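Enquirer: Two chains, two frames, a set of hints: combine them into the complex.
If you're matching them up, the sequences are chains A and B in order. Position 214 of the first sequence, counted from 1, bears residue number 214 in UniProt numbering, the numbering being contiguous throughout. Position 115 of the second sequence, counted from 1, bears residue number 115 in UniProt numbering, the numbering being contiguous throughout.
By construction, these hints were calculated from the structure, which means they are not laboratory data. Just so we're clear, the structure is a prediction, and the values are computed from it rather than from any experiment. One should not assume that every hint holds.
Taking CB as the label site, the calculated pair distances span [claimed, not checked]: (1) 15/B <-> 180/A: 41 to 49 Å; (2) 178/B <-> 244/A: 47 to 55 Å; (3) 244/B <-> 17/A: 37 to 45 Å; (4) 260/B <-> 244/A: 34 to 42 Å; (5) 161/A <-> 167/B: 42 to 50 Å; (6) 167/B <-> 35/A: 40 to 48 Å; (7) 173/B <-> 180/A: 53 to 61 Å; (8) 89/A <-> 91/B: 35 to 43 Å.
Part of the chain A face toward chain B, derived, beta carbon under 7 Å [unchecked claim]: (9) 47; (10) 79; (11) 132; (12) 136.
Yeah, the Cβ is synthetic: ideal placement off N, Cα and C, and Gly gets one too.
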Amino acid sequence: MNMMIEAPAAPKKYKKILTWLFFIVVLVLCSIQTEVTPYQLIRGLPQMGILLSEMFPPDWSYLPTIWKPMVETVQIALVGTMLGGLLAIPVSLLCAYNIVQSRLVSLPVRLILNLVRTIPDLLFAAIFVAIFGIGPFAGMLAILFFSFGLIAKLTFEAIEAIDPGPMEAMTAVGANKIQLIVFGVIPQALPYYMSYLLYAFEINVRAASVLGLVGAGGIGLLLDRSLGLFRYDRAAMIILLTLVIVLVIDYGSTVLRRKLL
Amino acid sequence: MNHTLPAKPLWHKIRPWCWVIFLVVVYIWAFNGLKFEGIQSTAKSVSLSILDGFMHPDWSFVYDPAGEDLLRGLLDTLVISILGTFISAFLCIPFAFWAATNMSRRRPVSGTGKFSLSVIRVFPEMIVAILFIKAVGPGSFAGVLALGIHSIGMLAKLFSETIESIETGPSEALTAAGATRLQILWFAVLPQVIPQFLSYSLYRFEINIRSATTLGLVGAGGIGTPLIFALNMRNWNRVGVILLGIIVLVILTDLISGWIRKRIV
Numbered sequence: 001m002n003m004m005i006e007a008p009a010a011p012k013k014y015k016k017i018l019t020w021l022f023f024i025v026v027l028v029l030c031s032i033q034t035e036v037t038p039y040q041l042i043r044g045l046p047q048m049g050i051l052l053s054e055m056f057p058p059d060w061s062y063l064p065t066i067w068k069p070m071v072e073t074v075q076i077a078l079v080g081t082m083l084g085g086l087l088a089i090p091v092s093l094l095c096a097y098n099i100v101q102s103r104l105v106s107l108p109v110r111l112i113l114n115l116v117r118t119i120p121d122l123l124f125a126a127i128f129v130a131i132f133g134i135g136p137f138a139g140m141l142a143i144l145f146f147s148f149g150l151i152a153k154l155t156f157e158a159i160e161a162i163d164p165g166p167m168e169a170m171t172a173v174g175a176n177k178i179q180l181i182v183f184g185v186i187p188q189a190l191p192y193y194m195s196y197l198l199y200a201f202e203i204n205v206r207a208a209s210v211l212g213l214v215g216a217g218g219i220g221l222l223l224d225r226s227l228g229l230f231r232y233d234r235a236a237m238i239i240l241l242t243l244v245i246v247l248v249i250d251y252g253s254t255v256l257r258r259k260l261l
Numbered sequence: 001m002n003h004t005l006p007a008k009p010l011w012h013k014i015r016p017w018c019w020v021i022f023l024v025v026v027y028i029w030a031f032n033g034l035k036f037e038g039i040q041s042t043a044k045s046v047s048l049s050i051l052d053g054f055m056h057p058d059w060s061f062v063y064d065p066a067g068e069d070l071l072r073g074l075l076d077t078l079v080i081s082i083l084g085t086f087i088s089a090f091l092c093i094p095f096a097f098w099a100a101t102n103m104s105r106r107r108p109v110s111g112t113g114k115f116s117l118s119v120i121r122v123f124p125e126m127i128v129a130i131l132f133i134k135a136v137g138p139g140s141f142a143g144v145l146a147l148g149i150h151s152i153g154m155l156a157k158l159f160s161e162t163i164e165s166i167e168t169g170p171s172e173a174l175t176a177a178g179a180t181r182l183q184i185l186w187f188a189v190l191p192q193v194i195p196q197f198l199s200y201s202l203y204r205f206e207i208n209i210r211s212a213t214t215l216g217l218v219g220a221g222g223i224g225t226p227l228i229f230a231l232n233m234r235n236w237n238r239v240g241v242i243l244l245g246i247i248v249l250v251i252l253t254d255l256i257s258g259w260i261r262k263r264i265v
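Isolated chain B, as found in the complex (with noise of 0.2 Å):
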């Protein structure tokens, strides 16, 4: 009864040890090389009046008919996504049936399709709204622009897989009975596609929200703009309730984009 498991090769008993040693020393190369030492000696003096500024916010600043106000900030900033995820849902539409690889007969159509999808995606989008900033100036419609073309990366991605799932049947049948190119697009693949389509656009406008309130910060408009004001000017009250502003706007647009997005898919 001398059962003994086969030995591992050395290899697969190292191994883990190898993947530890390598981790270590990229930690131990990333903690070096980040010099902490700028850190201010107010930051708990500071801290302390945050965590004040954010236990009494400064509700004066909600609505002020006088001019800028957080609910128009909000309101802005909800328009921007919307404009964005518009504009991005439409420009993606292209760009999804060449990279779609079963709308193309040859392969390297959709896959330099492909390709730029993911170069417009590693753009983070903060990059694109400063150009946009520089060209069109400072405001919401850099914003939307932003938005717009940032998002086509992720949109025309999902939507380019969902026609790749779809059903062959119904074109098929068309081409049987002898339908034009245009006429199986629009009559077999786009009612496959739409409610998918939809639910994605949704849920690219969930991220746009995120993203928008935060697109002001650098000038592209929305409530990003009064909040790096506030911030810039060490108004806590005015920083606490933005803050909140912008918790409840992003929990509220979730809560009824998931409720449609049930309903359509």
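So here's chain A without its partners, still in its complex pose (with noise of 0.2 Å):
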């Protein structure tokens, strides 16, 4: 009676160390790759207790210089992820299938917004300083991009999920494409939409505080040049303040979507 339970359960224990084997294979070859080892690891914890020992106490005295790249942050955030989302409207509609039937027209939309998604914010940012310049309005056009495709992708999806039973009403009773939209889907959709326009306003504050590394305005400029001039406290002094303003920024927000839902 045992044999008979014991005799399936070897193959599966066969499978189970085979993918353990598999998993370390990838990890030794990986850690060759990169030559990261545990022991480079424990020579650099030192270091990071200097530099963490260096970091306090924040200079206190930096925040008046700081608020205002701050600011600045904060309302490329703002227009950024604005614009972005209106320009994710029109988009959000073409994408999706039950408003736009031909798959002529809402497939290359959707290989699109895809290609789009798979460039990171940063990328953008870079490419655009390489265009504008360094400054905020190149840092503004990445997050644009960014929260474009986030949203009209989330949006899109909203979209197809909406009740259909408004909008047969519609088409029964004549209504041409956009009295469907502004009186089928709108209603519908935007407690959704405005709930992703949060979301990504949320992303996008984070993302904002570091654009600056790459010349694109915001707080992220000041933090590259006090740790490029070895200024830890100060460095310290523009996390600390990021930390709290992505805080309240974030909990403002949560309680707005779930209002909203």
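Expert: See below:
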């Protein structure tokens, strides 16, 4: 009896060991490729300790200097999110199969949307800095494209999930496409869209705070500078302020989103 | 037949307008605050040369036996994100049990766990990356550590939610049979959560691939390093081929990891 129960279990154990072996081989190959070893970590730890001890106490007198760039960071995120969100409305309508029946239109639009979404925000920023020069405009454009991809994707999925009843009723009484969208789609999709807009804004504040590292405006520029000058106490102050602003915005946006949905 | 709807309270009528006015004021403030005067006059010609570069990618950069090339950069990026995900998947397990409300008897324990996870989450990974670059020097190692530490925030949150949603039956049965806490963990909790853990780790791996492509922009290894050189030298043909490589890598890893995730859960 015991034999019969245990017999089928054997190949499973064998497979388990093989999976673990595969994991370990991949890990070892990866650490050889990047020359990442536990020894390096142990050697780096004291340096990390020195870095942290130099960061405290933060340089509080630096706060008035960094307040304006911090405000600029939030402004970049605000403007970029709104423009990206506006751009996302027509595109998400074009992507949704229940609005545009012709696959000839929606498939290419979806393809472009997916391509935009594979490009990370900092990459957009680096390219726009090359085109438009150093400054917040490049950062704003990077945030615009990044949030456009995110909001359009989430919104078109929300549009595809709406209740078809109102749209069918309106088609039956002879509404045209624009009436259909204004009275049948928007009332249902609007709360989701607003919630995604807020969600994108949360992400964008974080993104905007590091855009300055590639020269695209905001607080990141000062962070880069104070790290370059080895003023870790100032860097700590910048990081601290960023954390506080991000936490406050996250909290506010979470409360608003809960009210919306 | 004089039916009229009951009048809405005044507050309900004006509330949407209050929001609109508030938003308009915020946006006027934001647009006025941003100074867009620093736009280069060469923007148009640069854009044209970028487009030209994207149309004619520098194929010779794809494989170069002598040194830095696209394939090696992409491999580095892939390896950085694999190692980073591995590290965070292991490191976040204790955090996940710390933050799960059903794993500790006292509420404050899981509360502090959840709070420390959200603190880790608000740190942008680029900031984590530059801190590690300062500590261990530029290179892939800083990138691996940055991803490994930053991912803990999100992974441990998802893991702890998984732990909170497990069935209590098996662990109650084990308690009744007199198992120790460690045995309960090993035989009742872990078997229930491991598939979900793996699925979340793969999901995080997809995110990490995207981050790893940009880590090099600040000096943390991977494909971002040749990219920032090419950008600084205005070598648009090379930027074009690198961008193409990144898109292909991201799409491929998304497809493969999505396929594995579907099989696990």
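Enquirer: Next step is simple, just say for each hint if it's right about the structure.
Expert: Status of each hint after checking the structure:
no., hint, result
1, 15/B <-> 180/A: 41 to 49 Å, "violated (28 Å)"
2, 178/B <-> 244/A: 47 to 55 Å, "holds (49 Å)"
3, 244/B <-> 17/A: 37 to 45 Å, "holds (40 Å)"
4, 260/B <-> 244/A: 34 to 42 Å, "holds (39 Å)"
5, 161/A <-> 167/B: 42 to 50 Å, "violated (29 Å)"
6, 167/B <-> 35/A: 40 to 48 Å, "holds (44 Å)"
7, 173/B <-> 180/A: 53 to 61 Å, "holds (56 Å)"
8, 89/A <-> 91/B: 35 to 43 Å, "holds (41 Å)"
9, 47, "holds (5 Å)"
10, 79, "holds (5 Å)"
11, 132, "holds (5 Å)"
12, 136, "holds (5 Å)"
The structure is inconsistent with the numbered hints 1, 5, although it conforms to all the rest.
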